[in-house]
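Q: For reference, the chains in residue letters:
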Amino acid sequence: MTGIVDYNAGNIRSVELALLSLGVEYRISRTPADLESADRLIFPGVGEAAFAMQELKKAGFDVFLKDWARSGKPLLGVCLGSQIIFEHSEERDTPCLGLIPGSVRKFPASFKEKGLKVPHMGWNDIAWKNGGSRLFDGIPEHSDFYFVHSYYIDPADPSVVTAAADYGISVPCAVKYGNIEAVQFHPEKSGAHGLVLLANYCGASTKGASVC
Amino acid sequence: MLKKRILICLDVKDGRTTKGVKFLDNVDIGDPVVMAAEYYRQGVDELVFYDIMASARDRGPTLDLIRRVAETVHIPFCVGGGISTVEDIRNTILAGAEKISINSPAVRDPELLSKGAAIFGNQCIVLGMDAKRDSAMKSGYRVFINGGRVATGLDALEWAIEAEKRGAGEIVLNSIDADGTRDGYEIPLTRMISERVSIPVVASGGAGTPAHMAEVLTHGKADAALIASMVHSGDYTVGSIKKELAEQGIPVRL
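Heads up: the sequence lines are chains A and B, in that order. Just so it is clear: in the first sequence, position 22 is 22 by our numbering, and no numbers are missing. Just so it is clear: in the second sequence, position 100 is 100 by our numbering, and no numbers are missing.
Read the hints as simulated data drawn from the structure, not as lab findings. These figures come from a predicted structure and were not determined experimentally. Heads up, some of the hints might be wrong.
As the list claims (entries may be wrong) - Capping the alpha-carbon separation at 20 Å, the derived lysine to any residue pairs in SDA-like fashion look like this:
| no. | chain 1 | residue 1 | chain 2 | residue 2 |
| --- | --- | --- | --- | --- |
| 1 | B | Lys221 | A | Ala50 |
| 2 | B | Lys243 | A | Lys106 |
| 3 | A | Lys112 | B | Gly167 |
| 4 | A | Lys106 | B | Arg166 |
| 5 | B | Lys165 | A | Pro108 |
| 6 | B | Lys221 | A | Gly168 |
| 7 | B | Lys115 | A | Pro119 |
| 8 | A | Lys112 | B | Thr218 |
| 9 | A | Lys66 | A | Ala50 |
| 10 | A | Lys114 | B | Ser198 |
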């Protein structure tokens, strides 16, 4: 069973619907105890880092996620969930969960002069780094995924990066650190390739899903 | 490389998709859930649903529609029309929408943009703006509300800049002059606003051919092009449009 962490941070309905279309057994909960028996976790989220950390703490998910990371069971952070598993975010100078060494930084102000919009919003192609990840099995390199973010992950150890996208800089957009993986883009909103990624994570098949 | 996005807009009235010209004479063109699924299959990058009669009515049917779309369409979609409170924003997101477009209510209460962005993040707060040529305005364009029926005192450029400051993460910029004409986008308007804000700008109104789209995505400096009639009429598919744009060197998701 795949657990989905619900902490009042944005559109988790789309993650749920993606799993539903894959026929994956899942449980979505605002209570850590409900998710203890899960085989793997998805930690989604959109919005603002400080608010998200506050909501996580309120529900007791901060402690739960740290314990989970130590347990060795798989964890997949998505978008904001991929950011706040790092130590610190420049978004309102927020201390984060610290499951992976590194920081979350704002896209540089020089982007405006270069005509690059922030947020980095839309479909961008990703290139494998450090051999990629099993999450990408069946997905051609340079496939497009849907991104929307104003801050980017900057791991202390670049060898944990499994994929990157070009947007003014090489933007790390997927990482693997032991049992923890994370993607900055939204697999649940990235059409067929995104569903394949989620199916890979959940050990499911994409057969029969509306992958188009 | 970030791709230029193609958005398809479905104007929804009483649960059906409609299409008008210059915001008038709407005719029924189909079931929005079926149409959304078909455009998803064709490879559209994003969908926009505007509930054109929502303002004064119960939003229940619209939320039900969003839920049904979200079940089959695994790409981002934006919902607008009649969303005037934080609670409306929350309900629409919980139904499965990625983005919320706020138009008239943002003019009446600009705080709604700030509040929405603070709670849900600026990536989900889209300013919808209807602008019309008006030489009396500093930028040459005036903002209209209530589906283009009511003029405001706002200058389009100034309003775009203020909306960004207040937390809008994107602007869908609709030209009332060009809407539904299929004669091409309002290039000067799109370019002016896109150059002056640092958030993405979606050009809307006037698309008739892939060449119009290419023009607004290059000269118009738009980050995305919104279309409706071109595909609703069956004259084009998403695939045929993207193929033509790619041939002109515009980066698109194929």
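Q: If a hint holds in the structure, say so; if it does not, say that too.
A: Results of checking the hints against the structure:
1. Distance check on the hinted pair: Lys221(B) and Ala50(A) sit about 33 Å apart at the alpha-carbon level, beyond 20 Å; violated.
2. Taking the CA atoms of Lys243(B) and Lys106(A), the gap is about 35 Å. The hint is violated against a cut of 20 Å.
3. A C-alpha spacing of about 16 Å is found between Lys112(A) and Gly167(B), which places the hinted pair at or below 20 Å, so the restraint holds.
4. Distance hint between Lys106(A) and Arg166(B) is fulfilled; the C-alpha atoms sit about 18 Å from each other, no more than 20 Å.
5. Note on Lys165(B) and Pro108(A): the hinted pairing holds, with a Cα-Cα distance of about 18 Å set against a maximum of 20 Å.
6. About 17 Å separates the Cα atoms of Lys221(B) and Gly168(A), which keeps this hinted pair within 20 Å; it holds.
7. A distance of roughly 18 Å separates the Cα atoms of Lys115(B) and Pro119(A); the hinted pair therefore holds under the 20 Å criterion.
8. Of the pairs offered as hints, the one joining Lys112(A) and Thr218(B) holds, with about 17 Å between alpha carbons and a cut-off of 20 Å not exceeded.
9. Using a Cα cut-off of 20 Å, the hinted pair Lys66(A) and Ala50(A) holds, with the two alpha carbons roughly 18 Å apart.
10. The straight-line distance between the Cα atoms of Lys114(A) and Ser198(B) is roughly 10 Å, inside the 20 Å bound, and the hint therefore holds.
Of the hints listed earlier, those the structure fails to meet are numbers 1 and 2, in rising order.
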